[in-house]
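Using the sequences and the hints, build the whole thing.
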Amino acid sequence: MSTQPDTTPPGAIAVYDERQAGILRLEAFGLVAVSIAVLGLVIFAFLLSKGLASAFTYRAEHTYNYAGIQMTDINAYIQAKKVQIQPISAEALTAYNEWASKNPKTVNVQVLNQYLGDDYNNTGTIFNYMAVYVSGGLGVSCEYCHNLQNFAAYDLPQKTTAKNMLVMQFEVNNKWVNNVPRPEGQPLYQIQCATCHVGAPKNWNKTLKASNPAAFGIEGGGLPYGYEMVDEQLLKTRPDPQTGEVNYYKVTATKDTPAGLDATYRNQNQMYHQTVALGVGCDFCHYGGYFASYYVENGSFKWPKAQARHMIGMVQDLAINWWPQMQFPAPETVAQPNCYMCHRGYVVPPGASNTAPQPAQVSSPLIKPLEELPLPKPITP
Amino acid sequence: MASEITRVESADWRTTRRFYLKFLEGLADTQIGPLYIGVWGILALVFFAVTVFVILFGYLEQVGFNPILFVREFPVLSVEPPPPSYGLKLAPLAEGGYWQIATFFLTLSIVFWLIRIWSRAIANRIRPNVAIVFTSAIFLYAAIYIIHPISMGAWNEAPGHGLRAQLVWANAFSIKYGNFYYNPFHMVSIFGLLGSCLLLAMHGATILAVVRLNAHREIDEAESSTEGTHRAQLLWRWVMGFNATATSIHTWAIAIAVVSMVAGALGVIFSGTLEPDWFQWACRAGIVPGVIQPGTTSVAACLR
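Going down the list, the protein sequences come from chains A and B.
Going by this note's numbering, the residue at position 275 of the first sequence is 275; the numbering climbs one at a time, nothing skipped.
Going by this note's numbering, the residue at position 279 of the second sequence is 1279; the numbering climbs one at a time, nothing skipped.
Below are the DMTMM-like pairs computed for lysine to aspartate or glutamate, each with C-alpha atoms no more than 25 Å apart in a straight line: (1) B:1089 / A:256; (2) A:250 / A:231; (3) A:202 / A:332; (4) A:368 / A:332; (5) A:305 / A:228; (6) A:250 / A:297; (7) A:236 / B:1095; (8) A:209 / A:231; (9) B:1022 / A:27; (10) A:377 / A:245; (11) A:209 / B:1073; (12) A:206 / B:1073; (13) A:377 / A:231; (14) A:159 / A:118; (15) A:209 / B:1061; (16) A:159 / A:98; (17) A:102 / A:91; (18) A:206 / B:1061; (19) A:377 / A:232; (20) A:105 / A:91; (21) A:302 / A:283.
Think of the hints as simulated: they come from the structure by calculation, not from any bench.
What you are looking at is a predicted structure, and each value in this text was computed from that prediction instead of being measured.
Dropping the structure here:
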């Protein structure tokens, strides 16, 4: 800062102009330079905040085709996430061999033989299933659930939880997964243990969620809702039992829509969660011109929107009917399900399988839904 | 005092309570001051300070008065309006009361600032054009924060006070009302916004182009055109076939900026009150085709 006498007399235009011309040149240069610098800073800050690598790989559209056929390899995913898988221990193998030699036919098996057939009355078949899907999916050895002296006993609480989980898995596959509206030729993937657990027995609790929201598909957040998928409103919403019509998150206004934007904020938070969970942009499911539409302008049907609506119903079912019955060792610590629980940033969940055995319909499952939730009416072209 | 002010370039004016910031040479005039405070200025600043205090206190309360969290979460912190259940009633502080207080004082602050600009223009013996044009921006503010929420019956329709909250509101508002891009008032508003930029760029570039011919002395030029003006105007006659004058270009600039603000405000006010779904309006207007309904194979008529 400096002070100086103004030596320019009023009306001395030429002197003033010479100075002004220089200033104007500087102005032009300065404006361009500042604009470039500001733009550069914004880009730099963005890249820094996202991490250089993730900024360039944020969207995963390149990993699937439109029908969602390409599947992410579960082993590659587990390796990338550095999940420690505990192999079946030598002690457990020895104990199993001893058990199997004494009991070639299963003892006290209650679920697998119901859903997967008589083959599963053989101890060896059960072991194969357990080793591949349960032990492999949770990354644990047999003794995590079993008493190695008596594989049939239920003296560890984990085993009861696992049994209930198997019932839930098969029932959910039968009710929801097998009825996903999908185009002809799109493969059908089954839920298995690894779909949610991806190599860890306890990976979905409130403590972990609070410490690392991004690991639960909750990025950003903020008031007033954050990105909780299962909220009070989703728990209350029901498909019409007659028509199957349901409005989980629809917000486009009509003349009767009540005032307020809270429902829209909720909708947007859920949608944002879904983009993070599946690694896609809005236009994966939506026609950008009119989000309420199931068709894009050229007349092609947005299958993913119809599928997402169906899957929201499944998440609701998990929260209402199955979570309360799982007999978790510490139920109060378990987090509510959401899309990321299985999808992990991919359209097809890394832990889903299209080779797992298909479950049969069981008339009297070991545990039943607490409430009969009607399927939402499938939206198809 | 007012009688002493004749021209901005007057030596008397420039030597009264002056000091210079040389580093501003490239971006602005180097002279700082004199600054007029006055009653309206004080009122505006005090009420604005109250607004900022209430908003920041709301932020701090949300982060448990943790300064590190406050800094880290600042871009997403927001003082939100009350939930829809409160309608237009007063709400408890944590449930929108902060927003109501902040918005009340912000509105007063803006109005007092308008009066300050107006009164300074009168004292300066110039027409209050700046104040008049400022009312168009205030109209847009009022439409978003006051008129539309009142006409819908809930403060919840207004944006929160926060950086992210503004973006979230713009997105949610568009989503709720069909698609704001198909709101014809929004279309006009965007035309005005982009048109303002275009006009400003054309004008700025033109004047800079003829600086060596003294055209930057716009007031002199307006009173008595010189070679700079003539050449600048010739440029546009060559390029477009016609030109604005050194005076009318500023009228154009005001008009198109005001159109942008007023049209934007009307677009907000009419959303939900006259038209709940602008995509369907665009459909009825023949701008977009109707969307196909599941279970059919052809484009349906507009839904509503």
